[in-house]
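Enquirer: Following the hints, put chain B in place on chain A, whose structure we already have.
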Amino acid sequence: MTRNLICGTLLSSLFILMALTSFMWTPYDHTTLSIPEKMQPPNFKYWLGTDHFGRDILSMIMVGARTSIAVAIIAVGIGMILGVPLGLAAAAQIGSWLDELIMRGNDLVFAFPSLVIAILITAIFGPSATNAIIAIGIFNIPVFARITRGAALSIWKLDFILAAQVAGKSTFRISYEHIFPNVSNLLIVQGTIQFSLGILAESGLSYVGLGAQPPVPSWGRMLSDAQTMVSIAPHLALVPGITIILTVLGLNLMGDGLRDFLDPRLRIQRS
Amino acid sequence: MVNLSQMLLYSLKRFISLAISLIIASVIIFTVIEIAPGDPAQFMLGINAQPDTVAALQEELGLNVPKHIRYFNWISGMIVGDFGTSYTYRTPVAEMIVDRLWISLPLALYALTISTFVAFLVGIYAAARRGKLTDTAVMAATQLGVAIPNFWFAMMLVLVFAINFQIFSAGGFNGWNNGIGFGLQSLTLPAIALALPQAAILARVMRSSLIDILGEDYIRTARAKGLSKHQALWRHGVRNALIPVLTIIGLQFAFLIAGAIIIEQVFYLPGLGRLIFQSISSRDLIVVESIIMLLVFIVIIVNFLVDIAYAIVDPRLRLTS
Chain A
204 MTRNLICGTL
214 LSSLFILMAL
224 TSFMWTPYDH
234 TTLSIPEKMQ
244 PPNFKYWLGT
254 DHFGRDILSM
264 IMVGARTSIA
274 VAIIAVGIGM
284 ILGVPLGLAA
294 AAQIGSWLDE
304 LIMRGNDLVF
314 AFPSLVIAIL
324 ITAIFGPSAT
334 NAIIAIGIFN
344 IPVFARITRG
354 AALSIWKLDF
364 ILAAQVAGKS
374 TFRISYEHIF
384 PNVSNLLIVQ
394 GTIQFSLGIL
404 AESGLSYVGL
414 GAQPPVPSWG
424 RMLSDAQTMV
434 SIAPHLALVP
444 GITIILTVLG
454 LNLMGDGLRD
464 FLDPRLRIQR
474 S
Chain B
473 MVNLSQMLLY
483 SLKRFISLAI
493 SLIIASVIIF
503 TVIEIAPGDP
513 AQFMLGINAQ
523 PDTVAALQEE
533 LGLNVPKHIR
543 YFNWISGMIV
553 GDFGTSYTYR
563 TPVAEMIVDR
573 LWISLPLALY
583 ALTISTFVAF
593 LVGIYAAARR
603 GKLTDTAVMA
613 ATQLGVAIPN
623 FWFAMMLVLV
633 FAINFQIFSA
643 GGFNGWNNGI
653 GFGLQSLTLP
663 AIALALPQAA
673 ILARVMRSSL
683 IDILGEDYIR
693 TARAKGLSKH
703 QALWRHGVRN
713 ALIPVLTIIG
723 LQFAFLIAGA
733 IIIEQVFYLP
743 GLGRLIFQSI
753 SSRDLIVVES
763 IIMLLVFIVI
773 IVNFLVDIAY
783 AIVDPRLRLT
793 S
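Chains as they are written, first to last, in the numbering used here: chain A, 204 to 474; chain B, 473 to 793.
So here's chain A without its partners, still in its complex pose (with noise of 0.2 Å):
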């Protein structure tokens, strides 16, 4: 286990429990309004301080983790369901009007930033959490498809491939059998890499007004909110922004030590 692997895993398992936690209980309810203690500094009642209307900032950044957290895993999981068959499917017909195809609309689809899709979807049916998914999660399908597509070539040019081809089996029935367990290693690190930009993705779009609407709390909407009053009351800015930083670099840390421990030439490299 590498250092990096434990920090990061303890970090991000934090902010996964208190999501968790914030379901069951919280120190206050983050909708209260308690205007008379408004924007508090951290103290022995409030831990994290209060926001302009006397809210309390701890049970919001608790209840805001579960909006930053949903939206990045639902992003994470459409990229995967969606990418990874079509890398697998462009990997086994390598060369073919599929591969090109798939490729060629991966090219498209990076062409769109995610925040440009978020822009679209909000033309359409106006800002909601839910654009938010479906703009990062449009973004992580080419993501997937690439590094399945790179991956799955590596193997396909193994002799037990070979071997599994001779036996009879088919394309399809080797990529799913062989091909997708020995890529879901990578799968597995990139899940967590996309996670971390996706929480800062949804932070964006939740600052800008793309994301999660109000009363839902979200991370980003937080930051939009204390932009105002930041050189009266700091900590409004400075509690979200170290909360995403934190996240993120303990989800970053996790991908790296997830792959050194995973990639065993990685590990002899290192020794």
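FYI, nobody ran anything at the bench for these hints, they're computed from the structure.
Errors might be hidden in some of the hints.
[Stated by the list, open to error] Sample of chain B residues facing chain A (criterion: CB under 7 Å; computed from the structure):
(1) L490
(2) S493
(3) I496
(4) I507
(5) A508
(6) I620
(7) P621
(8) F623
(9) W624
(10) V760
(11) I764
(12) L766
(13) L767
(14) V771
(15) I773
[Claimed, not checked] Derived DMTMM-like pairs (lysine to aspartate or glutamate); straight-line CA-CA distance at most 25 Å:
(16) B:K485 x A:D459
(17) B:K604 x B:E532
(18) B:K485 x A:D463
(19) B:K604 x A:E303
(20) B:K604 x A:D463
(21) B:K604 x A:D459
[Stated by the list, open to error] Just so you have them, the derived chain A footprint on chain B, three or more residues with Cβ under 8 Å:
(22) 609-618
(23) 626-638
(24) 723-730
(25) 748-754
Note that CB positions come from ideal geometry on N, CA and C, so glycine has one too.
Expert: Below, chain B alone, put in the same frame as chain A:
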């Protein structure tokens, strides 16, 4: 001239694929905006408008023509620089976009310059001191840089440099008319904020690319010829390490343009970002449509240029494709 013809063939293939991408992208954008609920004419006149007034406005805006003809009008207009007329401002969309582009594009380029410059220094420094404490510290810093949301960093820059030290303005744009210096000054904090995460990513790529190269035989040969470690690094290492770095820079430009839209919100810069959000809320869909097409166009063109640059730097690519 085998080399030249190969290069031309390669460029031609990439160009055709570029053209196809642009056509498909434009169809997607047009279709999506078409599905958008709400008739712009109805929206502009309000719910109490008379049906014949709405119909007249629809005709004036060209909304009553069949969809496929509108698509061709839109595309053929764009090719000659006519993006149509804004529904709300009644001014040519092209003029509005060009005005805003004078802020967003310099901002993205400024950020690209900062991020490339910083990343080169940091990446080369870390690779040269590989495994030492300074390398570890620098890499930890880049790990942190990747995790920081750029708009939050922007808020912190405002807090420190505009509110506490009052070196820069907290927002707004001084305009290019008062001199380039004034314009650049308003864009400095936004560009730094935009550049930070990109610089961190690029520095990591630069470092690992250099470290790979430093393990190559020709570096050993160079060292055997008597070049010092630093001479070998600068003369043979850096140039060869540029290939992967170039790709990342190309990809980053897309993120910088998109990121500029968010950063403009922090600094109240009247760029494309503000225009697009205003247009969404006023249902000025022709503006939204055109800006998105422009953004996608820029991304596709930049990727095309990177592909070409890549082939010039690495001749092997021309042969394989």
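Enquirer: Hinted pair, alpha-carbon criterion (25 Å max): B:K485, A:D459. Please report holds or violated.
Expert: It is violated: about 37 Å lies between the C-alpha atoms, which goes past 25 Å.
Enquirer: Keeping to a limit of 25 Å between CA atoms, is the pair of B:K604 and A:E303 held or broken?
Expert: Measuring from Cα to Cα gives roughly 45 Å; hence the hint is violated.
Enquirer: Compare the distance between the alpha carbons of B:K485 and A:D463 with 25 Å, and conclude whether the hinted pair is satisfied.
Expert: Not OK: B:K485 and A:D463 at ~39 Å, beyond 25 Å, violated.
Enquirer: Three residues or more, CB to CB closer than 8 Å: is that satisfied between the segment 626-638 of chain B and chain A?
Expert: This one holds; 5 residues, not fewer than the three required, reach chain A with a Cβ under 8 Å.
Enquirer: Hey, does the B:P621 contact hint survive, CB to chain A under 7 Å?
Expert: holds (5 Å)
Enquirer: Hint check: is the beta carbon of B:L490 less than 7 Å from a beta carbon of chain A?
Expert: violated (9 Å)
Enquirer: Under 7 Å is the threshold here; is the Cβ of B:A508 close enough to any Cβ of chain A for the hint to stand?
Expert: holds (5 Å)
Enquirer: Quick check on the hint: B:I773 CB to chain A CB, less than 7 Å?
Expert: violated (10 Å)
Enquirer: Count the residues of the segment 609-618 of chain B with a beta-carbon closer than 8 Å to any beta-carbon of chain A: does the count reach three?
Expert: holds (count 3)
Enquirer: Let's test the interface hint: is any C-beta of chain A closer than 7 Å to that of B:I496?
Expert: holds (6 Å)
Enquirer: Less than 7 Å between beta-carbons is the criterion; does B:L766 satisfy it with respect to chain A?
Expert: Hint on B:L766: violated, closest Cβ of chain A at ~10 Å, above 7 Å.
Enquirer: Does B:L767 hold up as a contact with chain A if the rule is Cβ-Cβ below 7 Å?
Expert: holds (6 Å)
When the structure is compared with the earlier hints, violations turn up for hints 1, 12, 15, 16, 17, 18, 19 and for no others.
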